[in-house]
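Chemist: Single-letter residue listing:
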Amino acid sequence: MQSNINTGRTRELGIGETEIEKRGLKLNFDAPLTTVASIDDAVGAGFGDGSLTFFRPGLAPVTHKIHEGVILCMAKHKNGLISGGDDGRFLAIKQNGDITEIAVFGTKWVDCVAASDEIVACSSGSDVHLFEHGKSDGKVFKHQSTVGGLAFDKKGQRLAVAHYEGVTIWERSKRRWKSTRLFWKGSHGNVSFSPDGKYIVTTMQENSVHGWRLRDKGDLAMSGYPAKVKSLDWVGDTPFLATSGADEAICWPFDGKFGPMERSPVCVAHNRKKLATFVRGLPGEEAVFAGFQDGAVLLAKLDEEKKAIAIRGSTNAEVSGIAVSNCGSHILIGDIAGNVLWAPLWA
Amino acid sequence: MQTNNQVPVTVLTGFLGAGKTTLLNRILTEQHGQKYAVIVNEFGEEGIDNDLVVDADEEVFEMNNGCICCTVRGDLIRILGGLMKRADQLDAIIVETTGLADPAPVAQTFFVDQDVADRTKLDAIVTVADAVHLQDQLGEHHEAEEQIAFADVILLNKTDLVETSGLESVEKRIRKINPYAKIIKTAHCTAPLTEVLGLDAFSLERILEVEPDFLDSDHDHEHDDDVTSVSYISEEPLDLEKFQAWFGKLLQTHGQDILRSKGILDFAGIDDRYVFQGVHMLMDASPMGAWPKEKKKSSRVVFIGRNLDSMNLKEGFDGCKAT
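Which chain is which? The protein sequence lines are P and H, in order. Just so you know, the first sequence maps onto residues -5 to 341 in the numbering used here. Just so you know, the second sequence maps onto residues 460 to 782 in the numbering used here.
There is no bait here: all hints are sound.
Across the chosen pairs, the derived CB separations fall in these ranges:
no., chain 1, residue 1, chain 2, residue 2, range
1, H, 574, P, 217, 13 to 21 Å
2, H, 576, P, 148, 34 to 42 Å
3, P, 261, H, 745, 29 to 37 Å
4, P, 95, H, 508, 25 to 33 Å
5, H, 559, P, 10, 54 to 62 Å
6, P, 298, H, 576, 29 to 37 Å
7, P, 215, H, 744, 25 to 33 Å
8, H, 576, P, 301, 28 to 36 Å
9, P, 13, H, 730, 49 to 57 Å
Examples of chain H residues lying across from chain P (beta carbon under 8 Å, computed):
no., residue
10, 514
11, 516
12, 518
13, 522
14, 533
15, 534
16, 537
17, 544
18, 545
Calculated Cβ distances over 12 Å to all of chain H for the following chain P residues:
no., residue
19, 20
20, 48
21, 93
22, 98
23, 249
Keep in mind that the hints were calculated from the coordinates and are not lab data. Glycine included, every Cβ here is placed at the ideal spot set by N, Cα and C.
Whenever a hint applies, use it, and build me the whole structure from the sequences.
Modeler: And the structure:
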């Protein structure tokens, strides 16, 4: 699909400033945007200098310095955030900026975090530490190699841990957590449960995405990407798994009995040869935001016949985060040069 | 913010007790005003005096890409990625490996991971060798041979503790394994830092500048070293297609045994010099400008590896001649 942005001018200069940018707030921070999370109508943006900025509709952004070094990861927990940093600290941050230190790991980085309603978890090296509501001393789950990604299922009953050669799923039974291994050669990074909890997917060190059907541990290999897949998100009711790693958003259908097996992905938001580096679904719609290595962001319906809409013009710095407020009113886009756009999506 | 600069990464290898940490601490104390990140292994001998020290665990894993010898350092991908998210620009990154580490996965990480390759560049592999014990270590541990074979710079340390004749024989032994590396003799790792850092040894341009030390005595069977090197020169131009076919097949079938390969090639009908370098099966190659007027066109290749005798390298290389 060729989108409407492929005019003579944009071919040379990238995509120009969009209407959404003109009515939004454009800021430059002194460090790369590293991670984003939506909480209610607010969005939290984490940066490489350890600062966290909350963006709320109609209010000025508020910045809190929370880590000494890079904020490596964040997740929503209740109506605040949890974060991990290269200062070895695992923190909980309320929207008013109050910080609680959940754990400290010294010189070891806190690489991944995840939260359910009751539990917060983080990884440091090959260990995953669990802290249950009201209990101060955490459980530790050990793994063979460094953890690449962490994710709870919707109910918080299962925790998926991605590492070298597959995923370990920790499932809560009455008294303890039981583990199951899913094997696939290679190194696994981001991990995510499908919204219905029936599938697990990971991004890999190789240019591919791997999935398992949990009912029978069936493998789903999704390959053919020209670059490493850095980002994925579940989109719409089907649902589709939207992924980066190509010059458009590659969206795999996960409906029916066998999901994407033997089926082609829907490919939308084509941006002239530029690689997509970040994808995020538009809440409540079958549409995806794709952020590119040149800083541009397009919004596309998951329909290859429809044209994509330019949301943000090129900044010449890779898009490293996109978050939409939960009600879908505002969008935050940031890149590795610290450029941030916060704007209402609708005029 | 600048994001386009590639941060140079120097890899420090060497056996336990050779003097890696001494060198590292010297680099860190002498380079004032430079911002370095140091990635150390968990079992470091002494303390490192730097603000930014990252613990690594040397996690080597196989790529699932059909390349059987393609192992990479997973922890390096993660840590370099994390360091690139910092607000301040680093001047250099130094990776210290454990004494028994194989340097190949470290080097291969820079060929295989696109993000690592985009944001950082492998500057050089610097191996610290103990002049007293190297001979024994080479016989006993294949890792010692690999560390010499992969090195761009070899800091031959503790030379004050060895007789002149002993030093000569150690040097000769090193040369047999690796004719390309620069050998710096020191007593206490006191090499000028400009000869250790900022070498750009893995850039293709550098290959043009470094003349390998070719061996004068062809075969010395005093020590049956596992890792050896061979080099060939052709005054006649080569045929591009013939070379590609031969070299491609060679790396495919013997890539596991070929630790490093380098070359400057003169192809018939092509004005530019063609330069390549490889680590096992992975290769980087590109045309590199016209031949200098004062220099006679010729093709040179160097292979460092195991079982080189069994690969019919001379016949293969000669078979690439255009005539």
